[in-house]
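Here the protein sequences come in this chain order: A and B. So the first sequence is residues 1 to 339, counted in our numbering. So the second sequence is residues 1 to 547, counted in our numbering.
These are computed hints drawn from the structure, not numbers from a lab. Glycine included, every Cβ here is placed at the ideal spot set by N, Cα and C. Do not rely on the hints blindly, as some may be mistaken.
Selected chain B positions facing chain A (in silico; Cβ < 7 Å) [said to hold, decoys possible]: (1) G249; (2) G498; (3) I508; (4) E512.
Computed, partial: chain B to chain A, Cβ under 10 Å [as the list claims (entries may be wrong)]: (5) Y253; (6) W343; (7) S403.
Next come the chains, spelled out residue by residue.
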Amino acid sequence: MKTMLLRGLFGLLLTSLLASAYATTVHADELIVYSGRKDKFIKPLIEKFTSETGIKVVLHSAKSTALLNKLRVEGDRTTADLFISNDAGNLQTGRQLGLFASIDSKIANTIPTSLRAEDNSWIGLSARARVLVVNKNAKDIGFVKSVFDLADPRLKDRIAITHSGNGSFIAGVTVYQLSKDDAFVANWLKGMKKNTGSKLFSKHSKIVKAVAQGKKDVGLVNHYYIYRHLAKHPDAPISILLPDQGKDDIGVAWNVAGVAISKHSNKKVLAEKLVSYFVSAAGQAQFAGVNSEYPAREGIPAASQVPAAGSYKVADVPMTALGKHRIDTLNLLDKVGMP
Amino acid sequence: MSALEQTFVTEPAWPIKTWQSLQRKVGWLGLLATGIVAIAAVPLLFVLYSSSQLSLDGWQSLWSERLPELLWNTLSLAVLVAIGSFALGVSSAWLIARRQFAGRCLAIWLMVLPLTIPTYVFAHIYTIMFEDDGWIGSIWLAVFGNTVAIPDLYSIGGVTFILSIAGFSYVFLLVSSALEHSNPSLEEAARIQGLSPLQVFWHVNLPLLRPAIAAGLALVVLHVLSDFGAVSMLRYQTFTLSIYLQMEGRFDYQGAAGLSLVLVFLSLAFLVMERYSRRRQRYYATGTQQRRVSRRRATTTELGMIWTWLGLITLFAFLLPLAWMLEWSWQAWQDDVLDATFWGYVSNSLLVAAGAATIAIIAAFPVAFFHTRKRSTLSTSYIQLSSIGFVLPGPVIALGILSFILVVLAPLYGGMTALLMALVIRFLPLALQSQEASLQHLTPSIEQAGRILGAGPLENLRRVVLPMISNGMIVAWVLVFIDALKELPATLILRPTGFDTLPVRIWIEASEESLELAAPAALMLVVGTLPALWLMMRNNRQSGSSE
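If we strip away everything but chain A, and leave its shape as in the complex, we get:
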């Protein structure tokens, strides 16, 4: 009995080794995409692309930062052809580490210069806005016009923000840091820390839910989380507030999700096909559709419920800055002790 068991184990070992040999075979016409974007917001596009072109795509999903680390350590051994991230900070960091190849300017030029790298080593595909979500029934909230008002003592225990490990939160703080100065932003963070107490949110969707249920009056989120909640609960008493729209105000912070081609990919032609599909009118419309984001390409409208791009003021910070100043922001958050 026991020897049989042991033999069985050796058999298993053999099978697993064979299986591993099988798993390592990479097909010549297959694209490998490291994707830090949520599966359900990228899979529909990939499937459409494969059905139209017949090019197979393997999606390797994980956190953007983890994948960037993987690309960096792998160096020229990487099997990745493309890298997709939902944070311009990551994309720009990858560029600074020299991990990406330039994308053909014919493809890149469809995207406005502010939403891509100077050398086209990465391009933005869809943009998200850092906005406030407000409970319509909240009292004494009229004075809130700016994200910086979240530090106002009048909002004690009434605001909802994510913890400072959240990529969107970090990118937002970078924009504020570049629009104001470090001391100002540090004070703002300290004020918010006082207002939240220990109750921080792990997810943006939970912030919207808490505001909708009236547990909190105002929250700082990416705009599409509001529409995602409204799609499920059309009667939720929440509305979007575009912050910092006054004459001297900094405007709304934007961030982009984007794509880059690995410097060590040997399938650049195929990879560029996928990128051109992403920036095509059809692909861009899909980005607007799956997640209510702003298509990066000009002239493709966002979903109708979303405030139109160009109808409000956006902070004048190029997306590349999100990578260049990322470490500064992390240091500032550490210094303040933002939880």
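Position chain B relative to chain A; hints supplied.
Below, chain B alone, put in the same frame as chain A:
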């Protein structure tokens, strides 16, 4: 070619000389063990190398800014989880070992089943349950209204709760087996002298159980130190999480290595303490005549109390999470989202875990065998070096292996080699411990008898040694299999492209909040672990009754 041979014969190059002298000193077995230990030490070498690159300023800023807080966070968590696991594990083990009651066999199973649920699944499920509209949150609000706030899991208390229910089973297993094998005469003598049962427990059982408790708690503490899933979901900054963030968010590998080095020293201190306490175990075990422990039948009141306590433990440590998984899996089943890809994740997971477990027991054998045969400083240090997997955080092991393979074995990169290697190194200590324990029964005279009767070394190994330790081998395989099946951080980093396992999917789906997809994956982890657990429990019972 012949010219080359010529030079070898007349003047061996230095590597060959060293090789020959090594072989003379430690034998083939020793060489094999040396090779395996060298591979197991790769992540440690990576840490040593990377942290040696850290400048003095880097060390100073780590020392002044990060370390005090991290040390306090990590140590206080370890102490609290140790207390929690002690309370749950020792109490349940004592009740089950000393009382005969209806459903006792079921109770044993219920205390071990939490091992099938990984910490990140516990953390994920309980954060949802403790929300206002979650199962526990809504009951809480109904009972207390808004007067008492719902406990916040994103705190040291929450992390302690999660890690205690996830880890107490180790204490339970070790303590109940020690209780089964302890000498009842001592307890009876104490009772005759007029001590109450509680006094007997404090003055007789507890001191005798100290080695088992220490071993169990050391296992729990090592799991706390290396836990990645729960602390990162609950954002509690321990060394492991902080090392991960340092690497991932800041690309600061040297800082991460510096922190890892401190963690290594911390964990080694625990390991040394555990070894020290186990040294006494031998003393206790010698000279006692073996007599079966008789269990007293529980009275009706006792029965009620026993099941209230055990029921409460199992409710939180297994039944509630299971019910949650079933509910959402049912939802997923109805929505028809469990397609072929999902079953692909299941088979990927089983394959990787089985492969890692098999390689681990094969790799552990020479090291354990070498140690039992020679018992030298060298062999002891081999055992300690192989414990490195338990001491280093998963992300660091993964990075070490990744760098090693890219530099040394580059052609193998991209397949399963890196993943399997990391899993084997991580869980080698588990395999070693149980093999070492069973090899202790193997006295040299048994082997010598085999040799005298004419068996060659290989036949002796096959017909005498392996059959005698096959129980230990099976336990080792099961332990590694269970942990490898649940492993998250190294798998996240090292899995081949597009190769997703259940833990990876749970991680991804949980961060996307698609409960329908996370729940069936978690459920399949539980189901996948059950046969392995059954094998181990059956084995335990057999070895228990044969004595």
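Comparing the hints with the structure gives:
no.	hint	in the structure
1	G249	holds (6 Å)
2	G498	holds (4 Å)
3	I508	holds (6 Å)
4	E512	holds (5 Å)
5	Y253	holds (9 Å)
6	W343	violated (15 Å)
7	S403	holds (7 Å)
Hint 6 from the list above is the single one not met by this structure.
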